[in-house]
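Participant: Each chain is listed here by its residues.
There are 4 protein chains.
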Amino acid sequence: MTGDAKPELPLGKERIQAGLAKSPFIGFLGLEVTRADPDKNEIAMRAIMKPEFERLRGSKQWHGGPIAAIIDTVGDYALVMSLGRALPTINFRVDYLRPAIDTDLTAVARVRRSGKSVGVVDVDVLDDKQNLVAIGRATYSTLPA
Amino acid sequence: MTGDAKPELPLGKERIQAGLAKSPFIGFLGLEVTRADPDKNEIAMRAIMKPEFERLRGSKQWHGGPIAAIIDTVGDYALVMSLGRALPTINFRVDYLRPAIDTDLTAVARVRRSGKSVGVVDVDVLDDKQNLVAIGRATYSTLPA
Amino acid sequence: MTGDAKPELPLGKERIQAGLAKSPFIGFLGLEVTRADPDKNEIAMRAIMKPEFERLRGSKQWHGGPIAAIIDTVGDYALVMSLGRALPTINFRVDYLRPAIDTDLTAVARVRRSGKSVGVVDVDVLDDKQNLVAIGRATYSTLPA
Amino acid sequence: MTGDAKPELPLGKERIQAGLAKSPFIGFLGLEVTRADPDKNEIAMRAIMKPEFERLRGSKQWHGGPIAAIIDTVGDYALVMSLGRALPTINFRVDYLRPAIDTDLTAVARVRRSGKSVGVVDVDVLDDKQNLVAIGRATYSTLPA
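Residue numbers (this note's numbering), protein chains in the order written: chain B, 1 to 145; chain Z, 1 to 145; chain V, 1 to 145; chain W, 1 to 145.
Think of the hints as simulated: they come from the structure by calculation, not from any bench.
All values reported here derive from a predicted model rather than from experimental measurement.
Warning: the hint list may mix true and false statements.
You can't tell identical chains apart in this list, so a pair holds if it fits in one copy or across any two.
As the list claims (entries may be wrong) - Dumping the calculated DSBU-like pairs for lysine-lysine here, alpha-carbon to alpha-carbon at most 30 Å:
1) 60 with 129
2) 116 with 6
3) 60 with 6
4) 40 with 22
5) 6 with 129
6) 40 with 60
7) 50 with 129
8) 116 with 60
9) 129 with 116
10) 40 with 13
11) 6 with 40
12) 22 with 50
13) 116 with 22
14) 129 with 40
15) 50 with 60
16) 60 with 22
17) 50 with 13
18) 13 with 129
Use the sequences and the hints to build the structure in full.
Facilitator: Pasting the structure below:
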């Protein structure tokens, strides 16, 4: 997702944040990298609630759409951090566990497998009280472009 | 998703479009109902490409996030059309099949099962040339609120 | 899954049935190829209920386990039919729609995308009355071994 | 899955093992409960390799089918342990991460959410060397029968 030629690996928080900035849609999500831990193969990002994310006008409840998009994106960067190149999503699943109302969200992604052709990542999405709002599981192509 | 008390069922295109308008996030997606066929349990909506959906600035390629959100939303309304009430998403899966570049998208949702507690819907997402861009499979709670 | 060197493609019903016979677990499932249609990228197989498949002893109800295994296997052969080599499953999802009681099952698999590295297949599982019992969506690696 | 009237909850290892014994298909899988931890909402079971599970005759490699069935079953009992009644699977996803060859398997299931109508469970499947072979994510109906 970074488009850079031969960046130093693993990517640090600033490089990842700079990569995010190249995508208008990720800009809409407003993701901020809060933790990048290549030793644990984990990354965390934070998203601030804004009116455009609402399910119903005035409800302060997150629509599931931006939550799914956050899962896809943060999961991707858990692999990008170590591999340093764009990784297309093959597929992902999201399970919604609780409504997210009047809260920011933190997504924590952890690589479960990084193989030669496929990577698998789990993503937990937490609200301000550390309640689990949604969980994602995503598969990305790790083949060289 | 409509929030209306006892609408006449099944909902027609206009009622569904009015329901969509209550959601700021769906407004961001800009979905237009193009077909509502309660006999076939099918519904179709169209989304116009806009710069905020881009994966990389200037690429005209759809980010996967809005595609996933479209699948979740159009799948939901395939059931809402007949049931007339908000149906929370339990979970969904999206498979990305081809890049969607410089094209609008049409999502066609078909109910596979509408049970007392769970509904299952398949969603195909097509580009302007009728190529399959992504497919979704989603599960919604059909329990009365 | 066939292990044969350079079989004539697409594989016909007999070749596919012979491929199935090399797997003890598929032997346990007892799958019979009933249709192989490479033009439509569809294949169908039939499984006969037997006591070992029961969820509860004497219930004549299929446990979900063999249904999931049938989906994985029949989905795989929808691609094997045209590609002629073993294709490892990357992941799959199964949704159970109705109990399957005192019935044989037919699984119909249809290729949704056969790409250079990934193939995606949908599988419908029907009972003797053509009711939909379960649906599967599976992703396989199509990379040359 | 137990079929018992009002068992004492949470179920202990012996009660769970007795519940498993009522299912011919689970008998085929040969699952042994190795840990039942209701405080952590975790349960673990072990399955011994046998020739009927082989992908190809003589390969000693597990077919994906029994692995998927193990995930579905062990995930179910992570909820049954606390709820004490049969819980139909709504859907599940399995990701295969590595071949499982000449090894027994241990499945560890952890409840991620146990709601009024839906429960969500994650299942990790490990080989004898503690390598992750497959991961599952399953949704069950927790509605009273």
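Participant: Determine for every hint whether it applies to the structure shown.
Facilitator: Verification of the hints:
For a Cα distance limit of 30 Å, the shortest separation of residue 60 from residue 129 inside one copy, 16 Å, qualifies, whereas the shortest one across copies, 38 Å, does not. Within a single copy, residue 116 and residue 6 get their C-alpha atoms as close as 18 Å, and across copies as close as 25 Å, so both meet the 30 Å cut-off. In this assembly of identical chains, residue 60 and residue 6 lie within 30 Å of each other by CA distance solely across copies; the values are 25 Å between and 42 Å within a copy. In this homomeric assembly, residue 40 and residue 22 come within 30 Å of each other (Cα to Cα) only inside a single copy, at 26 Å, whereas the closest approach across copies is 41 Å.
Proximity of residue 6 and residue 129 under a CA criterion of 30 Å is satisfied in neither setting, with 39 Å inside one chain copy and 35 Å between copies. When the C-alpha separation of residue 40 and residue 60 is checked against a cutoff of 30 Å, the pair qualifies neither within a copy, at 34 Å, nor between copies, at 32 Å. Proximity of residue 50 to residue 129 under the C-alpha cut-off of 30 Å is restricted to the intra-copy arrangement: shortest distance 18 Å within a copy versus 35 Å between copies. For the homomeric pair residue 116 and residue 60, the shortest alpha-carbon distance between copies (24 Å) is at most 30 Å, but the shortest distance inside one copy (42 Å) is not.
Proximity of residue 129 and residue 116 under a CA criterion of 30 Å is satisfied inter-copy only: 21 Å between copies versus 38 Å inside one chain copy. Within a single copy, residue 40 and residue 13 get their C-alpha atoms as close as 15 Å, which meets the 30 Å cut-off; across copies the closest is 33 Å, which misses it. When the C-alpha separation of residue 6 and residue 40 is checked against a cutoff of 30 Å, the pair qualifies only within one copy, where the shortest distance is 22 Å, while the shortest distance between copies is 44 Å. In this assembly of identical chains, residue 22 and residue 50 lie within 30 Å of each other by CA distance both inside one copy and across copies; the values are 21 Å within and 16 Å between.
In this assembly of identical chains, residue 116 and residue 22 lie within 30 Å of each other by CA distance both inside one copy and across copies; the values are 26 Å within and 28 Å between. Proximity of residue 129 and residue 40 under a CA criterion of 30 Å is satisfied in both settings, with 24 Å inside one chain copy and 20 Å between copies. In this homomeric assembly, residue 50 and residue 60 come within 30 Å of each other (Cα to Cα) both inside a single copy, at 8 Å, and across copies, at 25 Å. In this assembly of identical chains, the alpha carbons of residue 60 and residue 22 lie at most 30 Å apart whether taken from the same copy (28 Å) or from different copies (13 Å).
For the homomeric pair residue 50 and residue 13, the shortest alpha-carbon distances inside one copy (24 Å) and between copies (29 Å) are both at most 30 Å. For the homomeric pair residue 13 and residue 129, the shortest alpha-carbon distance inside one copy (24 Å) is at most 30 Å, but the shortest distance between copies (34 Å) is not.
Going down the numbered hints, you'll see the structure goes against 5 and 6, while the others check out.
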